[in-house]
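Trainee: Single-letter residue listing:
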Amino acid sequence: MTLKDQINEIIETEPVALFMKGTPSFVACGNSQRALAALRSTGAPFTAVDILPDPRFRQELSSLSGWPTIPQVFVKGELVGGADIVEELAANGELDRKLTEALGDGYRDQRSERVIALNVA
Amino acid sequence: MGHATVPNPRRSAMATIRDVATEPLQALLEHAFPEATELAVVDRTGGGDHFHVTVASPRFEGLSLVDQHRLVYDALAAPLADGSIHELRIKTKGTQST
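Those protein sequence lines, which keep their order, are chains A and B. At position 39 of the first sequence the residue is numbered 39 (this note's numbering), and the sequence of numbers has no breaks. Plus 121 on top of the position in the second sequence (first one is 1) and you've got this note's numbering.
No lab work stands behind these hints, which were simulated from the structure alone. The reader is advised that the hints may include incorrect statements.
[What the hints assert, rightly or not] Under 10 Å between C-beta atoms, here's a sample of chain A residues computed to sit facing chain B:
no.: 1; residue: Asn31
no.: 2; residue: Pro45
no.: 3; residue: Gly66
no.: 4; residue: Trp67
no.: 5; residue: Glu78
no.: 6; residue: Leu79
[Claimed, not checked] In silico DSS-like pairs for lysine-lysine, Cα to Cα no more than 27 Å straight-line:
no.: 7; chain 1: B; residue 1: Lys214; chain 2: A; residue 2: Lys98
no.: 8; chain 1: A; residue 1: Lys21; chain 2: B; residue 2: Lys212
no.: 9; chain 1: B; residue 1: Lys214; chain 2: A; residue 2: Lys76
no.: 10; chain 1: A; residue 1: Lys76; chain 2: B; residue 2: Lys212
no.: 11; chain 1: A; residue 1: Lys98; chain 2: A; residue 2: Lys76
no.: 12; chain 1: A; residue 1: Lys21; chain 2: A; residue 2: Lys76
Keep in mind the model is a prediction, meaning the values are calculated, not measured. The beta carbon of each residue, even a glycine, is placed where N, CA and C say it ideally should be.
Sequences and hints are given; from them, build the entire structure.
Mentor: Following this line, the structure appears as structure tokens:
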């Protein structure tokens, strides 16, 4: 599968996807840390993707999303934002509303974190 | 005519360093958002490549935060592409909401 298809599939099929620098257990950037902390504060399950292993990961992602910076958070295929937006939405309750709409009421206690690795085709 | 004020060399040097970093971004944003009611660029670390940008504009009313930030990214596409912005934090506001 091409890189573009892999990224597309993650965006389209993972209920909550976080594209970040590093992984949740080894975060490599302050902004990725901010987005991760905001997501964790909701208790929602999410899937993290590290874009650092190859520069093409980030290029493909940004050309697909039209968003130039990392991190990027998607909920049900929709770009919710980068660190600033996700933090702001977590603080004002809007993120909870979005997640409830996308995942249903029971998502708060799932707290599952998964990592998917991209492969260079 | 009075004498021209001799600038404090230390102070003007500091001002120059700060302006060199933020001025191009400030100019791009002023060009893209002539209607902005608030527009600020802060060099967050003093290193000239980590910036915090604040823009308040009536144009943001009714847009999602993603679309608001996209307008800011569009305005700063050149410095984002050439690497002169290493990190960018954005705060956008409509003029009615917070």
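Trainee: None of the hints should be skipped; say for each whether it holds.
Mentor: Hint check:
1. Contact between A:Asn31 and chain B, as hinted, is supported at the beta carbon level, the nearest pair being about 7 Å apart and thus within 10 Å.
2. For the restraint placing A:Pro45 at the interface with chain B, the shortest Cβ-Cβ distance is roughly 22 Å, beyond the 10 Å limit, so the hint is violated.
3. Below 10 Å, beta-carbon pairs count as interface contacts, and A:Gly66 has one with chain B at about 7 Å; its hint therefore holds.
4. Taking 10 Å as the C-beta contact cut-off toward chain B, the hint placing A:Trp67 at the interface holds, the least distance being around 7 Å.
5. For A:Glu78, the interface hint holds, the least distance from its beta-carbon to any beta-carbon of chain B being 9 Å, beneath 10 Å.
6. Interface restraint check for A:Leu79: the shortest CB-CB distance to chain B comes to about 6 Å, inside 10 Å, so the restraint holds.
7. Between B:Lys214 and A:Lys98 the alpha-carbon distance is near 20 Å, which keeps this suggested pair within the 27 Å criterion.
8. At most 27 Å may separate the alpha-carbon atoms for a hinted pair to count; A:Lys21 and B:Lys212 meet this at roughly 22 Å.
9. For the suggested pair B:Lys214 and A:Lys76, the alpha carbons sit about 26 Å apart, so the restraint of at most 27 Å is met.
10. Distance hint between A:Lys76 and B:Lys212 is fulfilled; the C-alpha atoms sit about 25 Å from each other, no more than 27 Å.
11. With a C-alpha separation of about 10 Å, the suggested pair A:Lys98 and A:Lys76 falls inside the 27 Å cut-off, and the hint holds.
12. Of the pairs offered as hints, the one joining A:Lys21 and A:Lys76 holds, with about 21 Å between alpha carbons and a cut-off of 27 Å not exceeded.
When the structure is compared with the earlier hints, a violation turns up for hint 2 alone.
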